[in-house]
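Trainee: These are the residues of each chain, in order.
Number of protein chains: 2
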Amino acid sequence: MERKEQAASWFREIQLSICEQLEKMDGLATFEEQQWVREAGGGGHTRILRSGRVFEKAGVNFSEVYGPLPAFLAKETGLAQGEFYATGTSIVLHPESPLLPIVHFNTRYFEMSDGKAWYGGGMDLTPIYVNKADTDNFHAGLQRICQRHHPDFYPLFKSWADEYFFIPHRSETRGVGGIFFDHIVPDVHYPQETIWGMVKDLGVSFFDLYASIAKKYLGEPYTDGQKAFQYLRRGRYAEFNLLYDRGTKFGLETGGRTESILMSLPPMATWEYQYSPEQGSPEAHTLEALYYSPG
Amino acid sequence: MERKEQAASWFREIQLSICEQLEKMDGLATFEEQQWVREAGGGGHTRILRSGRVFEKAGVNFSEVYGPLPAFLAKETGLAQGEFYATGTSIVLHPESPLLPIVHFNTRYFEMSDGKAWYGGGMDLTPIYVNKADTDNFHAGLQRICQRHHPDFYPLFKSWADEYFFIPHRSETRGVGGIFFDHIVPDVHYPQETIWGMVKDLGVSFFDLYASIAKKYLGEPYTDGQKAFQYLRRGRYAEFNLLYDRGTKFGLETGGRTESILMSLPPMATWEYQYSPEQGSPEAHTLEALYYSPG
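Chains L and X are the protein sequences, given in the same order.
Position 114 (the first sequence) corresponds to 114 in our numbering; numbering is contiguous.
Position 178 (the second sequence) corresponds to 178 in our numbering; numbering is contiguous.
Hints are computed from structural coordinates only; laboratory data are not their basis.
Treat the hints loosely; a few may be bogus.
Result set (EDC-like, lysine to aspartate or glutamate): computed pairs, CA atoms no more than 16 Å apart in a straight line [claimed, not checked]:
(1) L:LYS4 <-> L:ASP134
(2) X:LYS249 <-> L:GLU2
(3) X:LYS116 <-> X:ASP187
(4) L:LYS116 <-> L:GLU2
(5) X:LYS216 <-> X:GLU32
(6) L:LYS249 <-> X:ASP245
Throw the hints in and build the complete structure from the sequences for me.
Mentor: See the structure below:
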């Protein structure tokens, strides 16, 4: 089986298996699926769960797109022309309760007609209320997964995430980070089986890693004030995705399906001019934890 | 008086005068003002009105920024290096009632250290419920203002707005358009007094033009369904501003004050996967009116 077929069929499988786990966790709503076709080649299956008990909105995408290299990709890859192929999954969970963190997980395989191929992906947590134990738990889980495949992976991918999931105009990280990697070309250092093994492991481990954190807060009551703070934090999430996220840019610029790409946006978000939480409040604690000023 | 001083002092004046008119119209909330300083040179005065009777959020900015040419501007202007100067006003009104349209108005003066100088600006209306009479009224008002200064202005600036206020990934215009112009360099065709005269006229006429439309709906009751549709339409507004708006990009990339630049974002917005209004409904009418597929 060709690498791309192997990747696509596995990505589709893991999409379905993650959806099953999420439905079980939600216990109320189920995923609806739309299949879409990309005019210039390929398409995808979008699965969305809405107004659940646990999830206000959960999006689990699979796509496989190919065709002539779009202009912006030609520029980025330095290739004059050719064909590209890309397949991947992309997951964003927006829980109903502000006590549960938002989570994002994406993996992708990329191949050019000249034979160049690479893997990419990322998993990051965006708590509304930052909690050190949860953050450590999440990071340790990712470290365990990465370590199973190559000692370089976790330190490399963690610092990449810190750099990537950053909102420069806010001097804020999007959340508490996780891992991010792009353009990992199989070679003698990182053989194909090593990278692909890690990508698959991430997919298999994703649900348990998220659930181990989220389940702590399931059923716990929250206040209107906490919900309002969630809306505000979701506003920042929307800022990151629309201004900086490469996946969103890639999707929109390659003529992907808008409703599928923008499933990552929160169901409801607010912007409040000069929001400033009470000193010493849990909201202030989150903002302090996310504040980062480079240089 | 130098052109830039003339522009800056007039922009600041019109900011204050428009705020006064908006406060009178609102009748409840008043503007708060923050002065900010830009590290690399200049700064601004941001005026925000919140939770009013008419306006959920109204932002009226004035800024005057200058200093070494930022990299992205050097690229855009083709200049290797130098100093830039930019001053302008920027207004975005987000009414409480979904029956009142969102409106945006911006004017700016730009000068480079090599002597090149130009004007830019725009005014466009984003009704939640598109109404032909209001659209015609708005366009006719802009046409009257432009015509007082040069016969080319309205046709040129109107088609520019149609092109600019467009959300390609939605095949939707942001609203019903208006005027947009950029990089208008004074020359024999369009003398400085002509352009500057038009810019000032826009500022003086803005409030009456908006109020003549908005006042029709003041005090009219609206439903939760109409408010929900306003939240959705505001989501599109946020998409445009974060993905495509040049002013937002300019502000963020020149190290402007984030809270001032992003005052344009709606106080609350929603994203609903695959939103589709009932056939024949007023919501469907708006989406049909805004739909545009180029080519």
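Trainee: Each hint needs a verdict: does it hold in this structure or not?
Mentor: Hint by hint, here is what the structure shows:
no., hint, verdict
1, L:LYS4 <-> L:ASP134, "violated (35 Å)"
2, X:LYS249 <-> L:GLU2, "violated (42 Å)"
3, X:LYS116 <-> X:ASP187, "holds (11 Å)"
4, L:LYS116 <-> L:GLU2, "holds (14 Å)"
5, X:LYS216 <-> X:GLU32, "violated (27 Å)"
6, L:LYS249 <-> X:ASP245, "holds (15 Å)"
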